[in-house]
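Trainee: Chain by chain, the residues run as shown.
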Amino acid sequence: MTQTDRGAGGADALSSPFTPGMRDNPEELGRYVDGIVGRPLPLVDGEPGHDEPPTPEQEFAAEWRNAAYNCFSSGHKFCREVCPVMQVTRNESWTPTAFHANVVAMEKGELSVADVAADYVNCTQCGACELRCPNTLFTGDFYRFRTRTVDVVKAVRALAVDQGVHQEGWRTWNARTDERTHEPVLGDVPVSQEHVRDWSAGLDLPIGGETVLFVDCEAAFYRTSVPRAVAQILRLAGYEFGLMGEQWCCGGPAAEMGYVDQAQRFARHNLDDWRSTGTTRVLVLDPHDYISFTEDYPRYFGDEYAGIEVVLVVELFAQLIREGRLTPSVPVERTITYHDPCRLNKRKGIWKEPREILRAIPGLTFNDVDRVTQWSYCSGGGGGLPVEKPELTAAISERRMEKAAGLDVDTLVSACPWSERPLSAAGEGQDIDVVDIHELLAVSLGIEVGGTTDGGAS
Amino acid sequence: MTLQAERVDEVVAALRTVLADDQILTSKTDRFNRARVPAPFPVHRWAERVPDLAVLPTSTEQVAGVLRIANDLRIPVVPRDGGTGLTDGAVPLHGGILLDVKRMNRIKELDLDNRTVTVGTGINMLKLNEELARHGLFYPDDPASYPCSLVGGRIGTSGWSLIGSRYGHTRDLVLSFDHVLPTGEVLHVGDGIGHKISKSSSGYQLKHLFMGHQGTLGVATEATLKLYPKPEAELSPFWAFDDYDDAYRCVGALARAGVATFAGAVLFDEWKVAYLRRDDEAYIPQPGDVRALVCAVMYGYEDEVRPAGRRLFRIAKEHGARYLGDEISEGDWAARHDRYATPLHGRTKDGQVVPMSWHCEDAAVNYTNLPSLSRAWHEIVAGLRRQTDVFDDWGMFAYTSADTGVDYLTEIDVGIWEQQLDDRAWELWVRAKRDIAAVALAHQGSISACHGSCRAGEVDLVPDELGRGFDVMLDLKRTLDPHNIMNPGKYLLDRAYETGERP
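Protein sequences appear in the order of chains S and C.
Using my numbering, you'd call the opening residue of the first sequence number 1 and step up by one each time.
Using my numbering, you'd call the opening residue of the second sequence number 1 and step up by one each time.
Don't read these hints as lab results, they were simulated from the structure.
Check each hint, because a few of them may be wrong.
Said to hold, decoys possible - Distance condition first, Cα-Cα at most 20 Å in a straight line; then the derived SDA-like pairs of lysine to any residue: (1) C:Lys127 <-> S:Val372; (2) C:Lys226 <-> C:Ala253; (3) S:Lys108 <-> C:Ala20; (4) S:Lys108 <-> C:Trp46; (5) C:Lys28 <-> S:Arg90; (6) C:Lys108 <-> S:Arg399; (7) C:Lys28 <-> S:Ala118; (8) C:Lys28 <-> S:Ser112; (9) S:Lys403 <-> C:Arg106; (10) S:Lys108 <-> C:Pro42; (11) S:Lys108 <-> C:Glu48; (12) S:Lys389 <-> C:Ala20; (13) C:Lys28 <-> S:Arg399; (14) S:Lys403 <-> C:Ala133.
Please model the entire structure based on the sequences and the hints provided.
Mentor: Rendered as structure tokens:
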């Protein structure tokens, strides 16, 4: 007896197990008349008045509907406990599941963009939910599918701005960025175009050239020790590079907060500036810039962007160590753990090279936590969250530092300048230093880094 | 949504006497996102199940305060924890206050000597186990929703655990808990009154009563759980068979072997194997003559698991099993929680990929009735598919529920194309659910081993299943919840109120 030969009278093709779509399936399977499916799927439910033009929400949903349904239909919610915002708020309205479900509700006319906009603030765009989603994790390769919560969040924020629904903090932040061509980070160095290279004082770096080092706003104006470390390491390795002619903010934060036009204007400026100095290679020390240059810019510029090579400094340094062009030799007596920056580990799958660098530094005791466990870690510093909800950023950083404290370390090493400010604040309570990986490597290479780690006068 | 705007204002004003402003949520998104569970429901009827407001209490006292107010004002209260259940326990049917306990997720006490942990019921088992691992301990409540379901929901549904044949199910693992009654009174429920007592014969045994009630009798807020040493060894062989019959005989023999480290066995039927072939890159690539699978799992110390494994391998071989190798066995078991059911596997009959919701209908049934019940269930789903591609058969599993092999949780996974789930399709589905439940009863089984049975369709047969016991349910409900405020509309319990009183 198998389940197939039940031998009951009247059995048809549906009475036996089969895998839909296989070549040798009975033809009968294509002949059933469907009583329900087959009518065109209406964009709007068949209520009176549906002949009216679709609302902006419905137009938006038409683009995102199927992506949203793949989550809505799943209902697994396995993303929930890895979401940094959810972990500290326990608010089901601020979960990846809700961000997809809202799209379905907008399509159905149940919710408007004004109803949902404020909820979408509560996301650091870390990408943990996408990795943890069973749709991505187990079947994504086969179906060439990846859950795209980060894109959905960015798209809803853009729709909100487009519809004139603003979050006050973001509106102001972007207006000031527009004014100064850099993000209005706080610190002793005034944020403006004439001060964007102040961090490099005394290093005598050239301008322009085939390769330039792009320094994000936080590192250029607040944690200037990071670019100073990077520039001096590059010089030590004999790696030629210059600074940008006129560097503006990469535009990534504006894109993340939904200010798409501004983001594209800034991107356009930077690309034109690279072209004007004959630049074909951009070195990036900040993971957020790395996302902008490898994901946003290609979308904005298409073929025009061809020929620009984007190099992540952490990967470059690991390579230079491998090739023997850098040999860290000054012992650094610290017990450390490494914080995987979300945009490297979760968004880009880069987790090996930073560890390679750390293992090359003598004197370190390295209490590592694997990259998958770190899917649920975050500093809370991304996606514009600290601008609108600094209290959530602080809570997320505190949680991250509690994990570090459990490892009995004196130092947490990060590779993302934007994470280092909130993590440092949280670290004070735990008596744990937060050090940037580039700074640490520089020390082990015998470099006097200089600069400041806290926005103060250097 | 059922309350007038002024009435909502009145309720909010009263709630402010026990909760802070940020614990009371009234926005549309806050309400819409607490109206759903994974079980499919027509999207165009979403608004019918939206609560009037949601609250996020952080203590037993706050929960008690909310229930006192709701009882005074005669406002429905629906408790919600993970919201991952499949029988709508956490779904409001008549609006009211949605009481979301996710913020009560602290570990309150870890007692290493008595091997217990006391937690807020909003905590997730995986997160709890991350903490317990540092002490070499674990809490072995392991549902398919392990990464996201929460302890309170496990109590409210009296959950079932994949490895329950070794460690017991939620009812065995939860020693006691604080429970807030519909009137706002707080009681401690356990064996006797003890917090950490696993067996008492003092008084009525109330613990079972306050588990699995789907939120109709109150809210569990703080629970004391039984802990085990984190197993040193895990062995989870997967075996392939030429046909269902051999696999069925094998799973029975494995379960009856009485091996102490045996934590469970799973039977994949021929439909399930055909379903898994939809995605043969992500799933075990198997030759065409594999038509059924059996997996068994053992937990314990290395020197217990090894000989036990040898015994089970011998039994499997005698039943014509082919071992699938270590990689598949270890990988598939490790990935058990999210391996199989994804919307991307949805298909029309002729093979078009469409996003489908996974839905699972379960029953508890004796071993000897499994084959006949499976045939009848597949035929019900085939009947749906003859009419429309809204429904898809994703095959069946049968899992051992106990260490002797007496009964099994069996489930049929049904893909449902939610974008196309209109009123007619929903009616077809409700009827099918009723038929599925009827088949379980006709096989001397119970309508549900793990989800509960209070969704449309199946719920109609609960009085048939319980007989006089259902009247006792009505009596208890009336006594404990005089104004029918706790999760009204569930389990046909409105019948307890002669006038049909509903707030």
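Trainee: Hints first: check each against the structure and report whether it holds.
Mentor: The hints, checked one at a time:
1. Restraint check for Lys127 (chain C) and Val372 (chain S): the C-alpha separation of about 14 Å stays at or below 20 Å, so the hint holds.
2. A C-alpha spacing of about 30 Å is found between Lys226 (chain C) and Ala253 (chain C), which places the hinted pair above 20 Å, so the restraint is violated.
3. The hinted pair formed by Lys108 (chain S) and Ala20 (chain C) fails the criterion: a straight-line CA distance of about 33 Å is larger than 20 Å.
4. As the CA atoms of Lys108 (chain S) and Trp46 (chain C) are separated by approximately 9 Å, the hinted pair is consistent with the 20 Å bound.
5. Proposed proximity of Lys28 (chain C) and Arg90 (chain S) is supported: the alpha carbons are some 18 Å apart, at most 20 Å.
6. Of the supplied pair hints, the one linking Lys108 (chain C) and Arg399 (chain S) holds, its CA atoms being roughly 18 Å apart against a limit of 20 Å.
7. Taking the CA atoms of Lys28 (chain C) and Ala118 (chain S), the gap is about 12 Å. The hint holds against a cut of 20 Å.
8. Between the alpha carbons of Lys28 (chain C) and Ser112 (chain S) the distance comes to roughly 10 Å, so the proposed pair stays at or under 20 Å and holds.
9. Simply put, Lys403 (chain S) and Arg106 (chain C) have alpha-carbon atoms about 16 Å apart, close enough for the 20 Å limit, and the pair holds.
10. A C-alpha spacing of about 12 Å is found between Lys108 (chain S) and Pro42 (chain C), which places the hinted pair at or below 20 Å, so the restraint holds.
11. Proposed proximity of Lys108 (chain S) and Glu48 (chain C) is supported: the alpha carbons are some 13 Å apart, at most 20 Å.
12. At most 20 Å may separate the alpha-carbon atoms for a hinted pair to count; Lys389 (chain S) and Ala20 (chain C) meet this at roughly 19 Å.
13. Using a Cα cut-off of 20 Å, the hinted pair Lys28 (chain C) and Arg399 (chain S) is violated, with the two alpha carbons roughly 30 Å apart.
14. With a CA separation close to 14 Å, the supplied pair Lys403 (chain S) and Ala133 (chain C) stays within the 20 Å bound.
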